[in-house]
Amino acid sequence: MHAITLYVNGRAQRAVVDPLATLLQVLRDECSLSGTKEGCGTGYCGACTVLVDGMPVNACLYFAVDADHREVTTVEGAGARRASSSLQQAFVEHGASQCGYCTPGMIMAGTALLESRSDPADADVRDAIAGNLCRCTGYQPIVRAVLAASAHLQEGDGDAPRQTTSPVRTRA
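Each residue of the sequence shown is one higher than the one before, starting from 2 at the first, in my numbering.
For the record, the hints were derived by calculation from the structure and aren't laboratory data. Quick reminder that beta carbons are idealized off the backbone N, C-alpha and C, glycines included. Heads up, a few of these hints could be off.
Said to hold, decoys possible - Using C-beta positions, here's what the derived DEER-type ranges look like:
1. A122 / A13: 35 to 41 Å
2. L62 / G157: 32 to 38 Å
3. R15 / C41: 28 to 34 Å
4. E72 / Y45: 21 to 27 Å
5. A124 / V93: 22 to 28 Å
6. R118 / A13: 27 to 33 Å
Using the sequences plus the hints, can you model the full thing?
Structure, rendered in structure tokens:
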């Protein structure tokens with residue numbers, strides 16, 4: 002067993018973990034943060050995406066001991082980041098979430114992109130979310146939401162992200 006300290010969403014979290022425990026297990030079981038989802042457990046679906054020192058990682062494959070003394074941002078803490086806050090608003094406005102299971106991972110992948118590129122193109126967004134599977138949206142609303150959040154961030158105002166196209170209507 003190893004004692005580790007994670008800086009999760011700006012707060013120190015101490016835990017004693019098995020050296021093979023994944024970051025996903027520690028976040029959900031030790032830190033009681035259930036927003037990060039386990040989809041496949043093999044790094045294929047991206048539902049477990051979190052940021053470690055600002056970089057997106059699959060928490061189901063990332064050993065918790067490797068995150069010792071590192072900054073970890075989960076979807077629960079993402080709203081404190083300007084890019085993520087805008088992105089979350091844009092997801093709502095553009096209908097980018099249907100069942101919602103992939104949404105935490107998509108938000109985190111999109112946040113990492115928006116924090117590294119101020120003006121991503123459509124292809125940049127698609128590359129950034131390529132490791133995240135969504136079976137509901139067809140990806141178009143997600144791409145539109147990331148681009149709208151980018152435009153909002155470039156404007157630098159306090160208004161909600163502006164829609165560049167009409168939202169996709171989903172069946173109830």
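Against the structure, the hints:
no., hint, result
1, A122 / A13: 35 to 41 Å, "holds (38 Å)"
2, L62 / G157: 32 to 38 Å, "holds (36 Å)"
3, R15 / C41: 28 to 34 Å, "holds (29 Å)"
4, E72 / Y45: 21 to 27 Å, "holds (25 Å)"
5, A124 / V93: 22 to 28 Å, "holds (24 Å)"
6, R118 / A13: 27 to 33 Å, "holds (30 Å)"
Hint compliance for this structure: every hint is met.
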